[in-house]
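Chains A and B supply the protein sequences, listed in that same order.
All residue numbers for the first sequence refer to the working numbering, where the first residue is 28 and numbers rise by one.
All residue numbers for the second sequence refer to the working numbering, where the first residue is 28 and numbers rise by one.
Treat the hints with care, as some may be off.
Any copy will do: because identical chains look the same in the list, a pair fits if it lies in one copy or spans two.
To be verified - Restricting the straight-line Cα-Cα distance to at most 25 Å, the calculated cross-link-like pairs of lysine to any residue (SDA-like) are: (1) 686 with 716; (2) 686 with 675; (3) 755 with 431; (4) 774 with 857; (5) 774 with 854; (6) 124 with 474; (7) 774 with 876; (8) 124 with 561; (9) 222 with 799.
Worth flagging that the hints you see were computed from the coordinates, not collected in a lab.
Protein chains: 2
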Amino acid sequence: MAGSEGRSNRSYVYLFSEIPLVEARVGHDWDKVKGFLGGKGANLAEMTRIGVPVPPGFTVSTEGCNAFLNAGKTFPAGMWEEVEEAVASIEAEVGRKFGDPLGPLLVSCRSGAKFSMPGMMDTILNIGLNDEVAEGMVELTGDARFVYDLYRRLVQMFGNVVLDVPDEVFEAVIARRKEESGVANDADLEAEDWKAITGQFRDLVKTYSGMEFPTDPLEQLHMATEAVFKSWTGKRAVDYRNASGIPHDLGTAVNIQTMVFGNMGDDSATGVCMSRNASTGDPELEGDFLVNAQGEDVVAGIRMTQPIAELADIMPAQHAEFEAIARKLEAHYSNMQDMEFTIERGKLWVLQTRDGKRTAQAEVRIAVDMAEDGLITREEAVRRVQPDQVDFFLHPQLDREAQRTSKPLATGLNVSPGAAVGVIALDADTAERWAQDGRDVVMVRPETKPDDVHGMLAAKGVVTLKGGRTSHAALVARQFGKPAVVGADALVLDFEERILRVGDEEIAEGEWLSVDGTNGQIYAGKLPTAVPDLQNPYLLKILEWADEFRRLGVRANADYPRDAERAREYGAAGIGLCRTEHMFFEAERLPIVQRMILATTASERSEAIQELLPLQRSDFAGLFRAMHGLPVVIRLLDPPLHEFLPAYDELVQDLADLKMRLQHYSTMSEIDAALQEIRTKQDFLARVEALREENPMLGTRGVRLGIQIPELTRMQVRAVFEAAIEVKREGLEVIPEIMIPLVHLSKELELQQSDLEEEARAVMEETRAEIPYKFGTMIEVPRAALIAGELAARAEFFSFGTNDLTQTTCGISRDDAEAGFLMHYIRNGIVEHNPFAVVDEAGVGRLIDIAVRDGRAVRPDLELGICGEHGGEPTSIALCHRLGLDYVSCSPFRVPIARIAAAHAALAESE
Amino acid sequence: MAGSEGRSNRSYVYLFSEIPLVEARVGHDWDKVKGFLGGKGANLAEMTRIGVPVPPGFTVSTEGCNAFLNAGKTFPAGMWEEVEEAVASIEAEVGRKFGDPLGPLLVSCRSGAKFSMPGMMDTILNIGLNDEVAEGMVELTGDARFVYDLYRRLVQMFGNVVLDVPDEVFEAVIARRKEESGVANDADLEAEDWKAITGQFRDLVKTYSGMEFPTDPLEQLHMATEAVFKSWTGKRAVDYRNASGIPHDLGTAVNIQTMVFGNMGDDSATGVCMSRNASTGDPELEGDFLVNAQGEDVVAGIRMTQPIAELADIMPAQHAEFEAIARKLEAHYSNMQDMEFTIERGKLWVLQTRDGKRTAQAEVRIAVDMAEDGLITREEAVRRVQPDQVDFFLHPQLDREAQRTSKPLATGLNVSPGAAVGVIALDADTAERWAQDGRDVVMVRPETKPDDVHGMLAAKGVVTLKGGRTSHAALVARQFGKPAVVGADALVLDFEERILRVGDEEIAEGEWLSVDGTNGQIYAGKLPTAVPDLQNPYLLKILEWADEFRRLGVRANADYPRDAERAREYGAAGIGLCRTEHMFFEAERLPIVQRMILATTASERSEAIQELLPLQRSDFAGLFRAMHGLPVVIRLLDPPLHEFLPAYDELVQDLADLKMRLQHYSTMSEIDAALQEIRTKQDFLARVEALREENPMLGTRGVRLGIQIPELTRMQVRAVFEAAIEVKREGLEVIPEIMIPLVHLSKELELQQSDLEEEARAVMEETRAEIPYKFGTMIEVPRAALIAGELAARAEFFSFGTNDLTQTTCGISRDDAEAGFLMHYIRNGIVEHNPFAVVDEAGVGRLIDIAVRDGRAVRPDLELGICGEHGGEPTSIALCHRLGLDYVSCSPFRVPIARIAAAHAALAESE
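Okay, chain A solo, but in the shape it has when bound (with noise of 0.2 Å):
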């Protein structure tokens, strides 16, 4: 506040204690204010304002580093100028000077960005120093290793980020130097040690950078401004955003510190800690700290950390008082923090806080909490639990089984949870490639650095041998939902033969690993996986809440009853396709399907349809007892024929090996044997030759087939209306919904419909009962979407077959796209999203826009849903639900993930 009055004309620079001047400027929302100071300047701005104990300093905003970085990488007019007046208030504020031996203000220099990328940016401490400050600061506080501490960590980082010199080459140094005093750890170093190295530090920096380490500490901070904004540019930060989706042009902000001290004795302290377990989400204080240590020696993961709780027994009052700020940022920020503090001689700083990264367990747990607390509503606490993390409760466990039987080969710290089992990849390089070849893969480092960051997104899960719960690795993983182990420090890595040791025990780069990020086990080998039923009662709470929300309904694609159970109890309000064809592929099925398409006369034919029908029968029965009450949508034969026969190349390869073994045999009965085997093979093939098509996708299937073969039409809806009659005979509700694939032409629905009912009545007269039904067509060419008003006219409900549907509008074969042309696409970013997994909304979408329009034009209480793959996925599902239709039909397992992420779509319109 001091000066503050002084310095008029404002546009770069502001002290924490002026974020009412901010708000002046960029309005009261958070969210702007964040923009402007980036998340932890906002944050300590924010702090200050409500009484948190944050040592006084400033932030250079954002704008200042777009402004920086427009102005070719210098500072703009008047910016530097600013610096230095808060420089002088600050120095006002805590009575300290700028290279003043006798009263030294130190401050740190760290970027901030209105997102946080933690580990992505750079950090320069203890800027102030020089050697006439050091040695007023040794007599003032009568430590000297400790001042000599701080300067050569001035002169490292300052030398590593602002000047590009490896840092290699001063670690090499200090362990140069342990190794001549003979000592283990930097810990046991003196004073003259780091005396000595901080002087063989400034050396290197010369060597290395050209220039001298500045001593001047107003040049050192103006050289480590530069740096930070200058790292926004830098490759790590812009792999990180790319992989984070996070824009490019938002630019950071530099935050400029008073520094605290945690290594001035026994009764300093410094630490990290959550306000929340990140893992359970558990409303404890989870954290850990070092007594007499800076802060980067609690997150490198060198020194053991102790867990919080224990502060509570060597500083109990700093415990409480911090406990209290804890709770008070929670609520202010009505979420649950991520916060650096320190302890200086006893008086407890708290340096940093942001919004915490947690597991998925923990967001669900952490967001019911606090809505039942009221400190969110109920909404806010839907729209936190994102789509990917309920998919996370879904995801593999190892087998408890196989996990009893197995001897973990070593365990760590199970710092985010879930299954991965793939092939070791010794670094990032290897685990992306190998991805990329579509193996799974577990990367195994030492740790985790930001350069590692493209192997953890394309590994299935992460294991690190140092590193605590709040380590890179740790952080990187939970927040990206990588099943992750730290700290597995009975592991040995050996790069030079890329092998894993355990004791004894060696495995190599490229064989199995199983880990369990849920217990933090690691197994050798290929352990098998389990998928959990549904139970914990946070994610209840979430997806019951998401039901209140959502305008969506969520239906499964479930053939088999037992599917249809798991998706009735992961909250399916029906079956939105049971692809009937499935059922025909049974072993006992298959011959009896290849009797119908071999049969030379209508009446073998017509026999084989019939054997179907019993077991289609008792098919449909099982899923209209699972989903009674409930609809369930049949989808009349769909694939080609030749779909149930051999493949063409198999057969001549088959026939082609008999005829060669033919010359070998020299019995009548062997020659006979293998001539009557022939035979039935050509018959085979030659059924198959007439069956083959050029494009099997766009050739005879669907209700082509239907529209040929009528019978098997008839005995499909016989089966579905006595299976319904049978089951309503049970006291059940079966509500069938009948739909006719791949339809183009009105004039295919009519014909269908016609068999259909005619036979629906036929059995229901037999049977003297009564079953309501729905007839109604998939939209899977554009065609069907483009006549969409034509075919409401009979039809009562569409269902978007967006796998075919993509097909055909992009003119994409999936079988040969997804290994061909359109990978190369993807890689090099030609195509945004694989059309495959998240719908196409300039092309398929304004299809189904079209066919909603039309249709509901026509028939305003059609019913419109969608059954293909995109389904499950949240972008495509909040695209369904602006487009207005009624329902999505996905795989059981995707279930609560619709169902929350159709709740989102519905908040996000309300927004």
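Position chain B against the provided structure of chain A, taking the given hints into account.
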């Protein structure tokens, strides 16, 4: 006129003289009058009004027919009473009475629908005869033979048409009588014979129908009228209407008219006559007549008729009167007339007039002549010439040289020009079946009847042994544009052995026959055909006029200079599609292309691509020369690479064979050679396997290839610009338009555009020349149409590839479907048109509409064309006009058709 005032509540029946009453009812619009009275009735009334001598009569309207059919095939209340009143009016006018032996009225009863359906509907003559009337007439005329011939004809027609007695039964009686009397011709039978025959006919009627031949003239008329109405729903009529696109709900009128007789002596005659030559359009009367005969004798082609010119010698006054009437009628109807006349004892009566059917040549010449004579406007002249008729001029003709050196098997009347080459089918069902199997068929019949029409439609051409220029075969063949030769009486058909005989020569059904409908010659075997140059001056005139009226441009699809030259000659205003890959398939080039595909290193591939450069350059130079001054759209490489390699199955088979043979070789050199061959094939096979796709139509082709092999794009672009510069330096104007195939993302266009611009710029800089060009895209998958706005930001033109667009929009693979379900759909009327022949308006058309609107919104001067095979199909061309495209592009042979179709579309719009 007499009595008309008394008949006040007029509903269904109008005298020929009462056309003002009809107009008072339906308005003056000729189409409405025709719809109400039928074409024949309207013409009889119209002729009566303008003073042409027409035997008195009246018409029961088409509304009467529909009322009759709606009332369950019974006369609605009041209708019969109106008929009786009208009969009374005629009786008063002609002074004769139904059933009065002293002055008997005889009438004909004929059907007459709005649109002419020759031979499809029924006629009964001489109504009013019975034993008593016959005796009275014998006394009045003194010609018993004449009277009993009339009487037996009445019984025969009545029995056949009204009572369904098979005609053969009657003919057998006559044949037996001739045998008994020892005479060869009907004409040699005496009065007694006919009287006896009449009695036998009446017995037959009783036997076959169970009822006595009715003797009351009013009852005869009543039943005849009913029969004519019923014939509207008969199979023959329905088939004809289906084939001709005539609506089924129009109904037919019935015309009842006083009989006049051309068979009352040598001062009597009867004939049919066109006001101009129906084959050539020559403006002279063309027709046939018989002295002392009834009309049916002329049409049946049994007696040898005399050409109309000879009437001038025999009855000069009547000939002159008739000629004047013909001119009057032509002027009145603004069209060539097809008339029937009878001269009864020197008095000329015109029984019927209608617009005459004619060949394409005649249509074109008549249209031009009439327009030049001021009888019709030029617009009307253009409107009259149908695209199919223009097509006719481009139809193959038998090769002249082959014709010169072959001996004709027989010669007949050249009633419908053009060449037909096909296998002989001896009946209509066989012709239809074989044609459905994809065979070219020539149908050979003794004569044709309405039952044969489906065979004629299916056949490439028709030959009959009997019949004249106005025979059923001639009329129908001309109407449907089938080459035909009739009256080839040297041929003998043996239906038992299914053999065609000419003298000693025998040709079996199923063997080849070549027919020249232009000069009437028939050849055994399969003669080569050739397409003529456009040189008919009347056609050139019509096309010139069409060009004045049309708005759509017409370009051609051409890949070679010779095609481009022909296209230009036919009036193409540029090339709308040059498929560069066709050049790749030429014998000298394919090995280079294969080397490019099989290349294992980048330099090998690059080398092969560079080898193609000079070849492509010279291709393009040829096209540019042929099309100087006009735009040439060049599409970059489109098909999947495997199309350039041998087929997979073939290679597998070859390899199997080679390995098999390996066992039989004995010398090392044989084995070495075989192994070498195996290795080569295996290389091919491996590459083919790698390129193999599940659905190649939706696979790696078009721009997807260009993006993965940018060198190929660049080579083609370089070839285009080097060629353009070469031709420009010859002083010719070159307008290249480069087109990217299979685009579905705007990013694809962006990438190709940047390669293209760079390469084009490079060539222009190297040569210091400047070639303006356009950059555009195909629209051939639905997504491209749906994002047309985005694409138009880059593309200066769109070309709709409707073949592929149809495949993807409808989800139909053309390769598979035209041999598969689509044929089933077409045969069973599930789809109206084959969407690969006629653009599917609801689906594909809607996408084009979207693309046109969105594209033009972004780029108002966007050039829009279509280059699928639909570009030469008239219905599709009309759609393109309505959708606002700039041009259509089609095969050179269809350019004239497209010109006329485009004019029609413009004229239809301005109507």
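So, going through the hints one by one against the coordinates:
When the C-alpha separation of residue 686 and residue 716 is checked against a cutoff of 25 Å, the pair qualifies both within a copy, at 19 Å, and between copies, at 24 Å. In this assembly of identical chains, the alpha carbons of residue 686 and residue 675 lie at most 25 Å apart whether taken from the same copy (17 Å) or from different copies (20 Å). In this homomeric assembly, residue 755 and residue 431 never come within 25 Å of each other (Cα to Cα): the closest approach is 45 Å inside a single copy and 82 Å across copies. In this assembly of identical chains, the alpha carbons of residue 774 and residue 857 lie at most 25 Å apart only when taken from different copies (6 Å versus 39 Å within one copy).
For the homomeric pair residue 774 and residue 854, the shortest alpha-carbon distance between copies (14 Å) is at most 25 Å, but the shortest distance inside one copy (43 Å) is not. When the C-alpha separation of residue 124 and residue 474 is checked against a cutoff of 25 Å, the pair qualifies neither within a copy, at 39 Å, nor between copies, at 121 Å. In the homo-oligomer, the alpha carbons of residue 774 and residue 876 lie at most 25 Å apart both inside one protomer (23 Å) and across protomers (24 Å), since each shortest distance falls under that limit. In the homo-oligomer, the alpha carbons of residue 124 and residue 561 never lie at most 25 Å apart, since the shortest distance is 60 Å inside one protomer and 100 Å across protomers.
Taking the shortest alpha-carbon separations for residue 222 and residue 799, neither the intra-copy value of 89 Å nor the inter-copy value of 72 Å comes in at or below 25 Å.
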